[in-house]
Structure formats: C-alpha cells, structure tokens
Amino acid sequence: KAGVTQTPRYLIKTRGQQVTLSCSPISGHRSVSWYQQTPGQGLQFLFEYFSETQRNKGNFPGRFSGRQFSNSRSEMNVSTLELGDSALYLCASSPDGREGQPQHFGDGTRLSIL
Amino acid sequence: SQKIEQNSEALNIQEGKTATLTCNYTNYSPAYLQWYRQDPGRGPVFLLLIRENEKEKRKERLKVTFDTTLKQSLFHITASQPADSATYLCASTGYSSASKIIFGSGTRLSIRP
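Going line by line, the protein sequences match chains A and B.
Letter 16 of the first sequence, counting from 1, is numbered 16 in the working numbering, and no numbers are missing.
Letter 28 of the second sequence, counting from 1, is numbered 28 in the working numbering, and no numbers are missing.
These are calculated hints, taken from the structure and not from any lab test.
Beta carbons are placed, not taken as given, at the ideal position from N, Cα and C, and that holds for glycine.
None of the hints are false.
Between beta-carbon pairs, the in silico distance windows are:
#1 B:Glu60 <-> A:Gly28: 21 to 31 Å
#2 A:Phe69 <-> B:Asn24: 32 to 42 Å
#3 B:Thr20 <-> A:Gln17: 39 to 49 Å
#4 B:Leu74 <-> A:Gln17: 42 to 52 Å
#5 A:Glu52 <-> B:Ala83: 37 to 47 Å
#6 A:Thr80 <-> B:Gln14: 44 to 54 Å
#7 B:Ser29 <-> A:Asp96: 20 to 30 Å
#8 B:Glu15 <-> A:Gln18: 42 to 52 Å
#9 A:Ile12 <-> B:Glu52: 40 to 50 Å
#10 A:Arg63 <-> B:Arg108: 25 to 35 Å
#11 B:Asp67 <-> A:Ser79: 40 to 50 Å
#12 A:Ser79 <-> B:Ser1: 18 to 28 Å
In the DSS-like style, the derived pairs of lysine-lysine whose C-alpha atoms are separated by at most 27 Å in a straight line are:
#13 B:Lys100 <-> A:Lys57
#14 B:Lys59 <-> B:Lys71
#15 A:Lys1 <-> B:Lys100
#16 B:Lys63 <-> B:Lys100
#17 B:Lys3 <-> B:Lys100
#18 A:Lys57 <-> B:Lys71
#19 B:Lys55 <-> B:Lys3
#20 B:Lys3 <-> A:Lys57
#21 A:Lys1 <-> B:Lys59
#22 B:Lys57 <-> B:Lys3
#23 B:Lys57 <-> B:Lys100
#24 B:Lys71 <-> B:Lys57
#25 B:Lys17 <-> B:Lys55
#26 B:Lys100 <-> B:Lys59
#27 B:Lys3 <-> B:Lys63
Make a model of the complete structure from these sequences and hints.
Shown next, in the form of structure tokens:
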C-alpha cells in the first residue's frame with residue numbers, strides 16, 4: 001500500500017505570494033490532517049478534513065485554508081505569505097479520524113519564504 | 001491551556017542501555033497518548049498508542065506507560081542501538097476534540113556505540 005504522498009517536497013516563495021500544497025492520503029483513508037512544524041513551535045495542528053468537510057481547526061490565521069476532494073486528496077493554501085510561514089508542512093491521514101487513531105504522515109513540503 | 005511537554009530536548013546514552021523518555025501533560029486529561037519517531041527530513045512514524053485505562057503497553061524493545069496520577073507517560077527503548085537514534089514525539093488526544101492531536105516538542109535521542 002502506498003504511503004501518504006506530498007508534493008512538492010521543496011518550495012521557495014517570496015513574501016506576499018500564495019502557495020498551494022498537495023496531499024494524497026493512503027488509499028481508503030478518508031481523514032486528512034495538516035500540520036506545521038518549526039524548530040521553535042514544534043508540530044502544530046492546522047486543520048482536519050473528512051468527507052470533504054473541515055471537521056477541526058487549530059489556532060492559525062485565516063490565511064491558512066484547505067480543502068478536500070471526493071477522492072480524499074487534499075490541498076492546503078497559504079495566502080499573503082510571511083517570513084514566519086517558513087516551515088515543514090506535514091500531511092497525515094487515518095481511516096476516519098476517530099479519536100486515538102494513529103496518524104500516517106507524509107514526508108512533508110519544506111516551504112521557504114524569502 | 002492544554003499543554004504537553006517533553007522535558008528533555010536531547011538524550012545521549014550508550015548502546016545497549018535502556019533509553020527512557022518522558023512526556024508530561026497539564027490542564028487536561030487525554031484519552032490516548034501516542035509516540036512517534038521522526039528521522040531528519042522525514043515525517044513522523046507511529047510507534048505505540050496507550051489508552052488512559054491502560055498502565056503499560058509493549059512492542060518488541062519498546063514499552064510505554066501511562067500514569068494518570070502523575071499526568072505522565074514514559075517511553076522506554078531497551079537494548080538500545082545506534083539505529084534507534086532519532087527524535088521521538090509524544091502526542092495526545094483528549095475528549096474535547098475527536099481528531100485534534102497535541103504534540104510535544106520532541107526529544108532527540110542519540111545512541112553512541
């Protein structure tokens with residue numbers, strides 16, 4: 001079974017631009033969550049999608065948004081990029097996101113803002 | 001606010017010894033605690049899960065405990081090997097949110113030959 005796939009692996013943008021990151025979950029997994037990982041703040045939950053609906057959201061500004069498609073693939077968008085958005089963005093999937101289900105992570109997209 | 005802390009940023013031990021990593025939580029009662037391993041440039045990989053009504057869980061050389069009185073989980077790697085060197089993350093899910101997981105900041109474990 002293929003794992004979680006994230007594209008692209010690396011991305012360089014400048015302040016003020018916007019970016020879209022993509023995530024393909026494990027086949028059959030319907031819950032997709034996004035996380036931001038930085039050296040200072042660690043791994044922080046952004047939001048979770050299930051059946052094309054955002055089910056949970058972390059404490060991030062509205063510049064961070066996402067969506068999920070009918071095949072469970074998900075995209076995350078960040079608008080008006082700031083230097084502090086430089087981070088590793090990780091996507092994780094689980095069968096249905098029930099409490100306690102282990103998260104299966106991709107290897108992330110490394111986003112650098114110049 | 002809900003908080004989960006891994007007290008040691010880094011831990012260095014000799015090969016063959018038991019590595020013990022600590023995770024403490026405050027201001028909430030997680031229903032589950034999970035432990036993940038993360039290698040440089042890679043995403044975290046799930047290792048073990050323990051429920052609040054379980055005291056201990058084992059998998060091969062790994063053992064995790066959950067002490068609701070101390071509000072603490074301990075993660076042990078016995079007979080440690082250099083290949084066990086990685087960052088280990090604890091994570092919790094509570095009753096308040098079904099799928100929102102809170103991660104600790106991680107402990108970087110180095111096993112020297």
